[in-house]
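This is what each chain is made of:
Protein chains: 2
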Amino acid sequence: MPTTGHVFIATSLDGFIARSDGTLDWLLSRDDPTEDHGYDAFIATMDCIVMGRGTFESVLQFPDWHYTLPVLVLSSTLQTIPDHLQGKVTIANLPPTDAMQHLATQGHDRAYIDGGQIIQSFLRARLIETLTITTAPVLLGAGRPLFGTLPADVPLIHETTKTFPSGLVQSTWRLA
Amino acid sequence: MPTTGHVFIATSLDGFIARSDGTLDWLLSRDDPTEDHGYDAFIATMDCIVMGRGTFESVLQFPDWHYTLPVLVLSSTLQTIPDHLQGKVTIANLPPTDAMQHLATQGHDRAYIDGGQIIQSFLRARLIETLTITTAPVLLGAGRPLFGTLPADVPLIHETTKTFPSGLVQSTWRLA
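The listed protein sequences derive, respectively, from chains A and B. Going by this note's numbering, the first sequence opens with residue 2, and the numbers climb by one from there. Going by this note's numbering, the second sequence opens with residue 2, and the numbers climb by one from there.
Heads up, some of the hints might be wrong.
[Unchecked claim] Which bits of chain B does chain A cover? Going by a derived footprint, with three or more residues having C-beta under 8 Å, they are:
(1) 136-142
(2) 145-154
(3) 165-175
The set of hints was computed from the structure by calculation and includes no laboratory data. The beta-carbon is built from N, C-alpha and C at its ideal position, and this holds for glycine as well.
I would like the entire structure built from these sequences, with the hints used as guidance.
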């Protein structure tokens, strides 16, 4: 069975997942920790994570490694994994289709696809099954966009939308 | 009382209001005419319309002029109004703030701000009070974007979100 890709990410209303320098202040300042935005329920249905070098290097800056699922980092330049992440992280220089085939041979059914560039390349390859996008009530005007160019339209099916008192609006779409 | 600006527009999930050539096939093919997406209720609360040259020239191509409200076209190049629109359309070469002051002196309270470039320039000038954005379930990958650069973050307040069986999702945001 092929591995399916799933996105769970937050953007500004104008579609940015981070400022140009990578900062998330605009999102963190709007996050109400008493609200359940569904990340735990989402991640509980995944069995592996795929990210690019940029996202990997960002999460390496946090004091703790907070992923319990195996992580595949797709990179053409990264060579080595920090010692404390041996057995938790694999680095591979693979295009999206080959990466998903690699995960399938390992028995992974559902991959959390994280990071702007990786999400864009997996969308271009039609390897995303669901997109859960949480929109923060702010326009940034510039930053790192969630979406990029595509070889053709990608039709979607709207699944659910939830609104939160904080002003966050979360919709899930399935690729048609 | 200053005139307030209000946006009511549809975009693809990746934020485009039209393809690069201006076509709307991706939206029209997803429009279910049996659904009430609220345009009539919205326009009933407006008392004038502001658009740019591009939008004006687009609507001129329709067989009938379907606006009942007075229309102000902001353009530095347009000079003349077609005879059949005399008394219905005014052309002015004014920046957003001056345009709104002009409308206020004419007693207009609420202006429907339409067209990508005009919406962006009015957002930059903080002359928009509400944004109602209807998201169509499709990624286009390229086109004319709704949003553009801004001099600073524009914080928003989420007001309402409606979902439709067709897959359209409509949210209204108020500038904070």
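Verification of the hints:
{"no.": "1", "hint": "136-142", "result": "holds (count 6)"}
{"no.": "2", "hint": "145-154", "result": "holds (count 8)"}
{"no.": "3", "hint": "165-175", "result": "holds (count 5)"}
Figure legend: structure checked against the earlier numbered hints; every hint is met.
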